[in-house]
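Listed below, chain by chain, are the residues.
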Amino acid sequence: MTSIFDSLIMGFTVAITPVNLLYALIGCVLGTMIGVLPGIGSLATISMLLSFSSQLDAVTSLIMMAGIFYGAQYGSSTTAILCNIPGDAASVVTCLDGHQMARKGRAGQALAIAALSSLLAGIIATIIIGLFTPPIARFALNFNAPEYFSLMVLGLVACVVFSNGSVLNAFIMAAFGVLLGCIGTDVETGAQRYTFGVLQLSEGITIVAVAMGLFGLSEIVVNLANGNKMSVLDLKYKMRDLWPSKAEFRAGTPAALRGTFIGALLGILPGAGQVLSPFASYMIERRLSKKPGQFGEGAVEGLAGPEAANNAAAQTSFIPLLALGIPANPVIALMLGAMVIQGIQPGPNVMVTRPEVVWGLIASMFIGNLMLVIINLPMIGVWVRLLAVPQRILFPAIVVFCCIGIYTLSGSVYDLVALAAFAAIGVLFYRAGFQAIPLLLGFILGPMLEENLRRAMVISQGDLFSLFQRPISATVLSISILLLLMTALPSFRKQRENFAGSD
Amino acid sequence: MKLAIRNPLDVMSGSFLLIVGISALYFGKDLNFGSMARMGPGFMPRVVGVCIVVLSALVVLRGLRVTGEMPPSFQLVPFLSIVLAPVLFAILIKPAGLFITAFAVFSLVRVACTKQFSVEAFLAPFILAVVVCAIFIGLLGQPLPLFWY
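Residue numbers (our numbering), protein chains in the order written: chain W, 742 to 1244; chain V, 210 to 358.
Please note: incorrect hints may appear among the correct ones.
[To be verified] In silico negatives: residues of chain V with every beta carbon more than 10 Å from chain W:
(1) R215
(2) T276
(3) A343
[To be verified] Derived coverage of chain W by chain V (criterion: at least 3 residues anywhere in the stretch with Cβ under 8 Å from a Cβ of chain V; other residues may be distant):
(4) 1120-1127
(5) 1137-1149
These are computed hints drawn from the structure, not numbers from a lab.
These numbers come from a predicted model, not from an experiment.
For every residue, glycine included, the Cβ atom is placed at its ideal position computed from N, Cα and C.
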């Protein structure tokens, strides 16, 4: 156990260097900003910043991206409470009771409860990351190609099953993503695949163009097509008193603790764990409450629990990334991509070979969560005013920054053309009911999937069923198959549609 | 059951993906498939290509059998202006430099955001171009030309 303590201290020495503190702050501020602004999510922002982050140190860039990711959770609850607009799917629940509290003149307290619950959850979840990542990674050191192949299959299947809309569509998008991941030079044989003699294609399509086009630019187009949703603002709340009352503390604290553990558990699961966790917490709090009638009327438990669950899940979704190199959600998948860009081979070995990256990132989460409470509570007025920045200035500026970012990455106009192509693909497919997230995951996991399958088949001399003869890969593959079979069940289909509808 | 196009979006997207799958198989036909024990570079493309062909055929079929709701009309201006923005950037950056490129790209995207035309239409892109040049050339020292040369 002492080693974890030592590692954490080592992590803190990395995280409190001025550069890393600065980028943690930049990440938290940016995250809060995009969280407050409806329409632009952390996925879009991180995809746009991928190009800039490659010029930073590996730890520094991961610290910044992580800051954006959990900073957005804080920011989106502000918009949810004050404007009743969920900044992302996970903060839909925050609207229910948080906005009602604000309506009743307790906006400041609602914001404080949300921020403090998130802080509590963030700190506990970070301790959980520190405790559980090393043993999982140690266990995973015994993993071989078959286990990795199965885990990646599970990651892809979970993404397909839990994505919105038709499972068939999600499946095709995942396959399309894997196909796009094949473009370039085959690592094993050096064969050129689909490069058509174009030199720039031999290194493959850059993940930056794919992510930025699919999520950054196409999200702007979709926002513009949907019209301006930000105009409905009611800012007459006063921030006289931010500190919650004793009764609110007494009701909120246990709810936040329960939410933390629900979120921490769900966050580790691949697929929709993070999006589900606030809903799960809300349902549990309502069931446990002596006065369930208060829910939806401004119940403190209904705000504190889901807020904590949301943030805890965002944090613990780093465990599979750090311990196994497997992304639990699309944002984490982008961070995996960032690690690859930085020349880090994701997997359990990262803990051994680059401990400063892992522990620096974990330590920065403590610091980041503290920063976020300070950024969010006293400075709330600044963020509220941000909602007044017109889209006609915000969106063009974002597009210009994206173009410069991707151009400075390689100095190649091909990447800009790829960016345009993926923006078009993203918009058109979104319109036709195809989600881009499975495509991104397929694109990132595809090459690793191929490499591990290839190695697994070399080990077993081409016996596909050998994957089912190893206990771990057999279990993981069985779970994947079960998940797929579940989508055929009518009751599961209905649940899935309901869930997608509430999104 | 008579076949008719009941969901044009499904038929269109399915056909497009069908073409993607078929071209993946066609252009990948020279890649060595290898064997199960020694997977060649053509293994994955072929497996995925077949998957795409089969599944997108199902989507086309679905479009012919299940009626889908038509989403609101497609807005061409935001789509074109944002998709073409990186292309405009690619065309301008070498000959015209960052300042003019940033100004032009900002203006192009602005067209999609507002119909309003005032001093701001000139001032906003101008300020952004100045800021962008200051950050990327001045502060970060990126190897980008400020103006043509």
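Structure-based check of all given hints:
The beta carbon of R215(V) is kept farther than 10 Å from every beta carbon of chain W, the shortest such distance being approximately 14 Å. The beta carbon of T276(V) sits about 14 Å from the closest Cβ of chain W, which is more than 10 Å, so the claim that it is off the interface holds. Every C-beta of chain W lies more than 10 Å from that of A343(V), the closest at about 12 Å, which supports listing it as non-interface. Check result for the segment 1120-1127 of chain W against chain V: violated, 0 residues qualifying (beta carbon to beta carbon below 8 Å, three or more required).
Residues of the segment 1137-1149 of chain W lying with their CB closer than 8 Å to a CB of chain V number 11, which satisfies the three-residue condition for coverage.
The structure shown violates just one earlier hint, number 4.
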